[in-house]
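**Student:** These are the residues of each chain, in order.
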Amino acid sequence: MNIGIPRALSYFDYFPMWQTFFNHLGFKITISSPTTKDILNKGVSLCVDDACLPVKLFHGHVAALVGKVDAIFIPRLVSVSPGEFICPKFIGLPEMIKNSIENLPPLLIFNYNLHKDARDKKDAFKDLGRQLGVDSRDVERAYKEAISRQYIYEIMLESGQNPLAILHPKENWDKQEHSKGVIGIIAHPYLVCDRYISMDIVRKIRLKGYDVKVVANIPQKTIEDNLEAMPKRLFWSYGKKLLGSGIEWLKGNEVDGIIFLSSFGCGIDSFVEELIRRFNARKHRLPYAVFTVDEHSGQGGFDTRLEAFIDMLEWRDKSGYNLSSHGQDVYSG
Amino acid sequence: MVITFPHMGKMYIPVKALFDELGVDIVIPPKISKKTLEIGLKSCPEMACLPLKVTIGNYVESIKRGADTIVLSGSCGPCRFGYYGVVQKEILRDLGYDVDIVILDPPKEGMKEFWERVKKISGNSSFYKGLRAINKAFKVCEETEKLLQLVLKKRCREVHKGDTDRIFNRFEEKIRRVKGAQEILDCIYETKKQLENIAVDNNKRPIKVGLVGEIYTIIEPYVNLDIEKRLGDMGVEVHREMSVDGWVKFHLAPDIKFRRRQKRILDEAKDYLGLCIGGHAWETVAHTLNYCREGMDGIIQILPFGCMPEIVAESILPTIAKEENIPIMTLVVDELTGEAGYQTRLEAFVDLLHLERSRKENESGKVLSWN
Numbered sequence: 007m008n009i010g011i012p013r014a015l016s017y018f019d020y021f022p023m024w025q026t027f028f029n030h031l032g033f034k035i036t037i038s039s040p041t042t043k044d045i046l047n048k049g050v051s052l053c054v055d056d057a058c059l060p061v062k063l064f065h066g067h068v069a070a071l072v073g074k075v076d077a078i079f080i081p082r083l084v085s086v087s088p089g090e091f092i093c094p095k096f097i098g099l100p101e102m103i104k105n106s107i108e109n110l111p112p113l114l115i116f117n118y119n120l121h122k123d124a125r126d127k128k129d130a131f132k133d134l135g136r137q138l139g140v141d142s143r144d145v146e147r148a149y150k151e152a153i154s155r156q157y158i159y160e161i162m163l164e165s166g167q168n169p170l171a172i173l174h175p176k177e178n179w180d181k182q183e184h185s186k187g188v189i190g191i192i193a194h195p196y197l198v199c200d201r202y203i204s205m206d207i208v209r210k211i212r213l214k215g216y217d218v219k220v221v222a223n224i225p226q227k228t229i230e231d232n233l234e235a236m237p238k239r240l241f242w243s244y245g246k247k248l249l250g251s252g253i254e255w256l257k258g259n260e261v262d263g264i265i266f267l268s269s270f271g272c273g274i275d276s277f278v279e280e281l282i283r284r285f286n287a288r289k290h291r292l293p294y295a296v297f298t299v300d301e302h303s304g305q306g307g308f309d310t311r312l313e314a315f316i317d318m319l320e321w322r323d324k325s326g327y328n329l330s331s332h333g334q335d336v337y338s339g
Numbered sequence: 024m025v026i027t028f029p030h031m032g033k034m035y036i037p038v039k040a041l042f043d044e045l046g047v048d049i050v051i052p053p054k055i056s057k058k059t060l061e062i063g064l065k066s067c068p069e070m071a072c073l074p075l076k077v078t079i080g081n082y083v084e085s086i087k088r089g090a091d092t093i094v095l096s097g098s099c100g101p102c103r104f105g106y107y108g109v110v111q112k113e114i115l116r117d118l119g120y121d122v123d124i125v126i127l128d129p130p131k132e133g134m135k136e137f138w139e140r141v142k143k144i145s146g147n148s149s150f151y152k153g154l155r156a157i158n159k160a161f162k163v164c165e166e167t168e169k170l171l172q173l174v175l176k177k178r179c180r181e182v183h184k185g186d187t188d189r190i191f192n193r194f195e196e197k198i199r200r201v202k203g204a205q206e207i208l209d210c211i212y213e214t215k216k217q218l219e220n221i222a223v224d225n226n227k228r229p230i231k232v233g234l235v236g237e238i239y240t241i242i243e244p245y246v247n248l249d250i251e252k253r254l255g256d257m258g259v260e261v262h263r264e265m266s267v268d269g270w271v272k273f274h275l276a277p278d279i280k281f282r283r284r285q286k287r288i289l290d291e292a293k294d295y296l297g298l299c300i301g302g303h304a305w306e307t308v309a310h311t312l313n314y315c316r317e318g319m320d321g322i323i324q325i326l327p328f329g330c331m332p333e334i335v336a337e338s339i340l341p342t343i344a345k346e347e348n349i350p351i352m353t354l355v356v357d358e359l360t361g362e363a364g365y366q367t368r369l370e371a372f373v374d375l376l377h378l379e380r381s382r383k384e385n386e387s388g389k390v391l392s393w394n
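If you read the protein sequences in the order shown, they are chains A and B. Throughout the first sequence, residue numbering follows my numbering, covering 7 to 339 in sequence. Throughout the second sequence, residue numbering follows my numbering, covering 24 to 394 in sequence.
In isolation and in its complexed conformation, chain A is listed as follows (with noise of 0.2 Å):
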């Protein structure tokens, strides 16, 4: 059997896992190409107009599989950390599918819930393998072999790893020799890794001599940390995740600028970049900037403003500040 695996969301945090999974007990995945204006297109033209920007580009990439493949393969992300969770949307995800899409094949759905406990993990993966009629046996050797890949995945992702690196092997990610400084780029893992929609906004501030670091580089302990300041716990992972690594950067150690890369419509994103801006707007003053993409956004806007952004930091560096950098008076002479 022929498994299709859509190319967006969840799928640039877990596929590791999903691949092992699915290759030990012998299935073929295909996975949907990177995305191209049609898939976006397709995505816009089925799915409700309200949603936003990544979850329409599900339907698109779901839609490029129909016909090609003989199941495809929905997760349905309940929590990932008990007492968390996602987003009402890839909740409602396999709904969405199954309401706007039309001659779909069969879904797999991957129904993964640890908002109770994540010991249940498992049971996640033993109910895909009924889905599939195979051996328990099987899928318990299939499970631990693909959470142990996802373990290296992540820890990867920890040390420091850009997750566009071991997306894309082929190019050049390394640290550059001459690096004028570091940005850091605070947006979901489902924007900031695909490189259409995100308009390859990681290759570019390469091009400009910065380094990058993304959300998945900050470890989790970090982040916990940082959120224990906050009165009420935040109970979204991804929003943990960016705010944890937002306070984090502001701190002002490990970066020069931030960017805050959200789409059209991200309610998880609203607030948190309210909480961002107005903790750096208060106290830390780091050069920061909110990018907004949706369906419409054009390649020419986007690098304008990139590229003023980063003439802003190297003016704050040099006159276009009016207080000297180096923490002397101006008027000392």
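These are calculated hints, taken from the structure and not from any lab test. Mixed in with the good hints there might be a few duds.
Claimed, not checked - 25 Å max Cα-Cα, derived DSS-like pairs, lysine-lysine: (1) B:Lys345 with A:Lys122; (2) A:Lys104 with B:Lys293; (3) B:Lys169 with B:Lys57; (4) B:Lys57 with B:Lys252; (5) B:Lys135 with A:Lys238; (6) B:Lys345 with A:Lys104; (7) A:Lys181 with A:Lys104; (8) B:Lys159 with A:Lys122; (9) B:Lys216 with B:Lys159; (10) A:Lys227 with A:Lys127; (11) A:Lys186 with A:Lys324; (12) A:Lys238 with B:Lys345; (13) A:Lys122 with B:Lys135; (14) B:Lys169 with A:Lys122; (15) B:Lys345 with B:Lys293; (16) B:Lys176 with A:Lys238.
Claimed, not checked - Taking CB as the label site, the calculated pair distances span: (17) A:Lys257 with B:Arg200: 24 to 32 Å; (18) B:Gly46 with A:Arg125: 45 to 53 Å; (19) B:Pro341 with A:Asn8: 25 to 33 Å.
Where a beta carbon is used, it is the ideal one built from N, C-alpha and C, also for glycine.
Keeping the supplied structure of chain A fixed, place chain B upon it in accordance with the hints.
**Tutor:** Positioned in the frame of chain A, the structure of chain B alone reads:
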């Protein structure tokens, strides 16, 4: 300590009863107006959902009238509402208002904190007094909802246009002046009597429309451009299952009969959506199906722009519309919603329902008594 709270339809009536009984001073925010929304628009994130912006306006207007503590219920679901308190506190701080926001999270998030917060806002009343106040507030809540349902029934059948609204507006003015649960209840009963006495056309068989969607936008008339009145004035009977009373009965007061009914409605929707995805998306789908069974002519879904859970429901509803053969319209409201366009869409929808009904009745050979 002077407490205030955000508006949500007529929720202020039971809340007022509760705090009056506890002997705690409160400021009821002024009725939501364009000014309220403008305060919110200036200070809130652009992409945030509409209720966040409106409620910030409520707070600021109440603070100017002397409030210093804001009470807000919380949740830890995937819906954004759960984090309102934190974001709003930051916004108010930057606006220069140093007020206390007390978020009443569900007790499972921390029993001790929950009790401390309850104690704080209850003005150190005794346990017994508190319990009695809550009990009375529940009663007021139930009666208020009954009154609102009566308004829905009367408005579409009244002989002299505007009778119902005149009585109800007088009630709303009066309720702000009375004090204590008993006086509020008296006021409600009196209005009920007046409403029952207005001249109605009992032979009329109005078009029936069910309202589903996100609870705040359904209940708060300013945000949904008073859809109940608009439809009622067109002679449409509006059915609205979602209410503050329903929420209280499902989540707080142990009303087993009501709960069982709701559970059954939710279970029946499992072919379309079988789990809670946050907010009221599950209820939206389930109530839509239930309205189909109850013989509604059409269904209207209302959601604030960008509402995460309702978007999922929105993509499911067209399938129900097709399979159950019922017209469903989705209205997305935000601060830019224009009144004329909204009215036109409602009128067109109601026209469509009239046509559908006469077509159905012609098919079954019934005589049309009403036109």
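**Student:** All the hints need checking, so say for each whether the structure fits it.
**Tutor:** Consistency of the hints with the structure:
Among the hinted pairs, Lys345 (chain B) with Lys122 (chain A) is inconsistent with the structure: their alpha-carbon atoms are about 36 Å apart, more than 25 Å. Only pairs whose Cα atoms come within 25 Å are accepted, and Lys104 (chain A) paired with Lys293 (chain B) is accepted, the gap being roughly 14 Å. Annotation: proposed proximity of Lys169 (chain B) to Lys57 (chain B) is violated, straight-line Cα distance about 29 Å (limit 25 Å). Distance restraint check for Lys57 (chain B) and Lys252 (chain B): the Cα-Cα separation of roughly 19 Å lies within the 25 Å cut-off, and the hinted pair is therefore satisfied.
Proposed proximity of Lys135 (chain B) and Lys238 (chain A) is supported: the alpha carbons are some 15 Å apart, at most 25 Å. Simply put, Lys345 (chain B) and Lys104 (chain A) have alpha-carbon atoms about 14 Å apart, close enough for the 25 Å limit, and the pair holds. Note on Lys181 (chain A) and Lys104 (chain A): the hinted pairing is violated, with a Cα-Cα distance of about 43 Å set against a maximum of 25 Å. At roughly 36 Å between alpha-carbon atoms, Lys159 (chain B) and Lys122 (chain A) are farther apart than 25 Å, so this suggested pair is violated.
A C-alpha spacing of about 21 Å is found between Lys216 (chain B) and Lys159 (chain B), which places the hinted pair at or below 25 Å, so the restraint holds. At roughly 21 Å between alpha-carbon atoms, Lys227 (chain A) and Lys127 (chain A) fall within 25 Å of each other, so this suggested pair holds. For the hint pairing Lys186 (chain A) with Lys324 (chain A), the CA-to-CA distance comes to about 13 Å; that is within 25 Å, so the pair holds. Between Lys238 (chain A) and Lys345 (chain B) the CA atoms are separated by roughly 43 Å; this puts the pair beyond 25 Å, and the hint is violated.
The straight-line distance between the Cα atoms of Lys122 (chain A) and Lys135 (chain B) is roughly 21 Å, inside the 25 Å bound, and the hint therefore holds. At roughly 38 Å between alpha-carbon atoms, Lys169 (chain B) and Lys122 (chain A) are farther apart than 25 Å, so this suggested pair is violated. Annotation: proposed proximity of Lys345 (chain B) to Lys293 (chain B) holds, straight-line Cα distance about 17 Å (limit 25 Å). Under the criterion of a C-alpha separation no larger than 25 Å, the hint pairing Lys176 (chain B) with Lys238 (chain A) is inconsistent with the structure, at around 43 Å.
Distance hint check: the CB atoms of Lys257 (chain A) and Arg200 (chain B) are about 54 Å apart, inconsistent with the given range 24 to 32 Å. In this structure the supplied range 45 to 53 Å holds for Gly46 (chain B) paired with Arg125 (chain A), their Cβ-Cβ distance being about 49 Å. For the hinted restraint 25 to 33 Å between Pro341 (chain B) and Asn8 (chain A), the CB-CB distance of approximately 30 Å keeps it satisfied.
Violated hints for the displayed structure, listed by number in ascending order: 1, 3, 7, 8, 12, 14, 16 and 17.
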